[in-house]
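Use these hints to put chain U onto chain G, whose structure you have.
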Amino acid sequence: MANLELPLQSRMFANDGIAIAPIGSLERVSLRADDSAFASIEKVLGLTLPKKPKTSVTKDDRTALWIGPDEWLILGQDNASLMQAFGKLRSQKFSAVDVSHRNCAIQISGENAVMVLNTGCPQDLSLKAFPVGACSRTVYAKAEIILLRTGENEFHLECWRSFSDYVWKFLLDSATSL
Amino acid sequence: MSAPNRIAGHGRLSPSNAISFTFDGKRLDALEGDTLASALLANGIQLMGRSFKYHRPRGILAAGSEEPNALMDIARDNGRRQPNVRAGVQEVFDGMMAESQNRYPSLAFDVGAVNDGLGRFLPAGFYYKTFMWPRKAWDKLYEPIIRNAAGLGKTPVEADPDKYANRFSHTDILIVGAGAAGLQAALTAAKSGLQVVLADENPELGGSLLSDGDVRIGGKAGGDWARNVEAELRGMDNVTILTRTTAFGYYAQNMIALVERVSDHLANPDSGLVRERLWQIRAGRVIMATGAIERHLVFADNDRPGIMLASAGREFLHKYGVTPGQNIGVYTACDSAYNAAFDLKQAGVSIVAILDCRPNVDSELLSRANDLGIKVLTSHAVISTSGRLRVKSMQVRSIDGGKSEKYEIDCLLMSGGWTPSVHLFSQSRGKLAFDEDKGRFVPDIYMEDCASVGSCNGTDDMAAALAEAKEKTNEAIKLLGGKTSRAKALSVENACSMDGFLIGSADGAGPDDFVKAFVDFQNDVTAKDIRLAVREGFRSIEHVKRYTTTGMATDQGKMSNMHGLAIAAEMLGKDIPEVGLTTFRAPYTPVTFGTMVNHSRGELFDVTRRTPMHEGAVAKGAVFEDVGNWKRAWYFPQGGEDMHAAVNRECATTRKMAGMFDASTLGKIEVVGPDAVKFMNMMYTNPWDKLGVGRLRYGIMCREDGFIYDDGVVARMDKNRFHVTTTTGGAPRVLNMMEDYLQTEFPDWKVWLTSVSEQWAVIAVNGPKARAIIEPLVEGIDMSGDAFPHMSVREGKICGVPTRLMRMSFTGETGFEINVPANYGQAVWDAIWERGAPMGMGVYGTEAMHVMRAEKGYIIVGQDTDGTVTPHDAGLSWAIGKNKKDFVGIGGLRRPDLVAKGRRQLVGLRTRDGNIVLEEGAQIVENADVPIPIPMVGFVTSSYWSQCLGHSIALALVENGFERLGETVFIPMEDRTIAAEIVSPVFYDAKGGRVNG
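Chains as they are written, first to last, in our numbering: chain G, 1103 to 1280; chain U, 9 to 1005.
Check each hint, because a few of them may be wrong.
Distance ranges between label pairs, derived from CB positions [stated by the list, open to error]:
hint: 1; chain 1: U; residue 1: G1001; chain 2: G; residue 2: E1173; range: 42 to 48 Å
hint: 2; chain 1: U; residue 1: G103; chain 2: G; residue 2: G1119; range: 30 to 36 Å
hint: 3; chain 1: G; residue 1: G1119; chain 2: U; residue 2: R729; range: 42 to 48 Å
hint: 4; chain 1: G; residue 1: G1119; chain 2: U; residue 2: G647; range: 31 to 37 Å
hint: 5; chain 1: U; residue 1: K890; chain 2: G; residue 2: R1192; range: 33 to 39 Å
hint: 6; chain 1: U; residue 1: A275; chain 2: G; residue 2: A1231; range: 38 to 44 Å
hint: 7; chain 1: U; residue 1: M263; chain 2: G; residue 2: E1173; range: 24 to 30 Å
hint: 8; chain 1: U; residue 1: S548; chain 2: G; residue 2: G1119; range: 54 to 60 Å
hint: 9; chain 1: U; residue 1: L274; chain 2: G; residue 2: G1119; range: 21 to 27 Å
Calculated from the structure, these hints are not laboratory results.
Only a predicted model underlies this, so the values are computations on that prediction, with no experimental measurement involved.
Positions of the beta carbon are idealized from the N, C-alpha and C atoms, including for glycine.
Chain G with its partners taken away, still in its complex shape (with noise of 0.2 Å):
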């Protein structure tokens, strides 16, 4: 089978309070769906759809991230099967879409991971604001990403694979100028 090569691969980099890393394979679904879908589509990924903005839902491997009004990005550990589970849903009222390859993920963590992340995205990062847990589609500088807060000092973000050159670099100016 041929070999699965990771934008990214063997990047690293930590400074005083802040580390950024790429994360490694995981499985990712961009889901759409009407209300009535709701129901069975929870069935199948066996957890509940977040329903406020800004809120993600964990469930022993997978999280599902409220993007949009009636959109999800799932997450899921590499080989999670996501698609073959919606693959059994009976509603065609939705849309499941594998976006795997589609994005790429960075972790950026330590004490100063906020304010890394803030020199390129406008929004409020503050724990108040955005805890633990929190997630939303925004921006980095010139890139779309989708930021999701695991920890107090730790956060996921995906970008589209080509903008993760970009965005890598932008952290690592941002990381080099506070």
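Only chain U this time, still in chain G's reference frame:
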């Protein structure tokens, strides 16, 4: 000590921290904490620059950021050099190089000063009036001369090696200005538990408290109180203090832009330190405590070096222990100038006299002056001054007339009263009201969530200012849900009075006087320039501003506004509020390009998008072209080939054997849901109902107007799932347009759009051997021509990974587009290469792709169409569903002008001499032998050398082109006229059999 004007025992600097710098190449001493202005004054230097238009000698006017004259070129080295830095803002660091500007050959002897003598020939609007005709003189004479003379300072020529940064931030309360009112507001806000940011443009908090030796707050000296408050605030987690930080712009919804000068004051900044940081702070509530700016007085020759604001004199003494002169005159309309005179006198400086243009002055001030032995003349004015490079004397006369008297001086302090700094408030779209009694505009109607406190709000009395700061801050805290403070406002003693003012021209500079009395020092605008503008018919203050240039550039009305307005109002015979006020624009003070751009330079200037197979293309020696933000492999030269040779070889290899091509940048959208077919029918001109699962169709998308917007091949993966491809550049806008229709026109349809452009790497393999090459790598798909015909799609595996394998062709040869999940792209590419190369397969780039598709007459949207081409014009009528009742563009396509004869239609062109390759964009005419302008009937859209055909080919849009096959047209070029025949756009394999091979 070498500095003659440094007074021991005064100021906040330590004499042990001596440093040195150069000014125009001369080495001078300074103390750490000096500004360039204070250091030069300490050294007895008053002459610091030449004025913009008249090249008049100028010195310091103000001690802070409102300085209009003393603009310097400041450098660490050649790369790190900045022009137009205000001397009162730049802190001296050891080794700093400062240079004066706008002079040649030297500051003391400046050739340009001839303009001063010509002053009467350089009135307001001089450039508008003079450089009018002859028209030709503009390019050769006027423009270069004006360009050379215009502008201040020299642009640095080397790349700036410094780093600049950006930070977005949110806070509950942002306080701008850390004078007495700002500190009181910060203290109140800090105890509320809310997030607080306090920003001040100076290195130290305290504002005017630091230049006031008398005032006491809460029983402490003002400066000590400020220091204690700062220490207290710095100890609190919820407070961020930003010093050397100027709030320069107020934008919608309480977004404030600030610039923090991080390292400009350091002799050896740490290499990791940025030079400046842009802060973009979104605040729940903004409290503006921006203070007031002292005005000068408008009298004859009020601009000689040594003539400055009284507050500046006081600030130099108290902050830096520097006196601006040894024999000082004071000319005022305001009480606060007395305090400057008193303080300097007590420091041992001679005060020649205080001339007060007011008849009645507060008796306490008069008696204190008397006690100190300072002569005060009320109802007196300075009517002129003398001294070429520095003020030497002043002529003083009673306002009631009589003879003038001469006083020898080396410095003149002046005050016309105080102008509240309402710049940020005005930028927030707040409306001002005119306070007639005090001759000033103050904030009136608020448009944003903000408050003004202290002297920027016209609250001059310091006790009242502190009470106001507390009250407004408590209001803000309440609104934001914090804990309000009940602490009593602090007591204030010995605060200096800011009463008294004069706006407009002073005595001796009235309408009947022909003197140079400057209103705007930076733009060299005098009182008579403003009067002239009004006499010449300008009525609106905005027009007067532009005609005279008063208040333009970096001044933005800080110094000149009120005087200019008052003079114009007087000439117009109107009240000041009737004449109105010019707009205050951001930035409040100049901001460097570095700060604006911050991180976005070099490779971070914009996103560079690379495909999953980019590195593989690099390894094969690809030359890349930019397509939008993408890098695409353009061609792959071998062994010293030029582009032409490489493209010829790539085309030939593909047509004879096979070629592989990275098509990953194509836009891809997955359209999914029970209403997917309905939606596709609406968005594309083609019919989709009967397209079977597993089949492909070339689709065209129009705008409402009927013109082609995008095209691409669409795969039906399932009953309710389409895999749509778009052009590379069109991907985002096609998705936007689809989403727009879906959300606004068909919100009830159950269909959803997902971009999968980057999910799939796409490897196109085209050529007679394409199938043979990939067949053994494919699993689970019957590759035979019958089972897998042209224009169909199958799902299976290739090299062990899932694929959407499409049989299609953009070259006219048998073709496959292999979609694999992007992270497998490189590996699959390598596997195909490994198998294909020994079979004679090559790799081709976008240029060969362009040639081969043009040989087949396949259009490229945006190259062969330009937003005014319909599917009919492009020869694609077959792609419009004849029985369709509706689709986007159906109405537009019926417009009379789109169905009328004479439209430009896409045809092929063959030059009579097949070796000539036409220029893309070249105009086409029917007859080149008629006089210019020759009516043009079309233009060339695509043109290439076709190696496989042995002659050039071109596509063109030509009027009635479809009916003119066989006709000869002409393409006139600069050096020759080229004849060409109109032919079918399909040059190669007209029957189209090769795709089925």
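Hints not upheld, ascending by number
As far as the earlier hints go, only 4 is violated by this structure.
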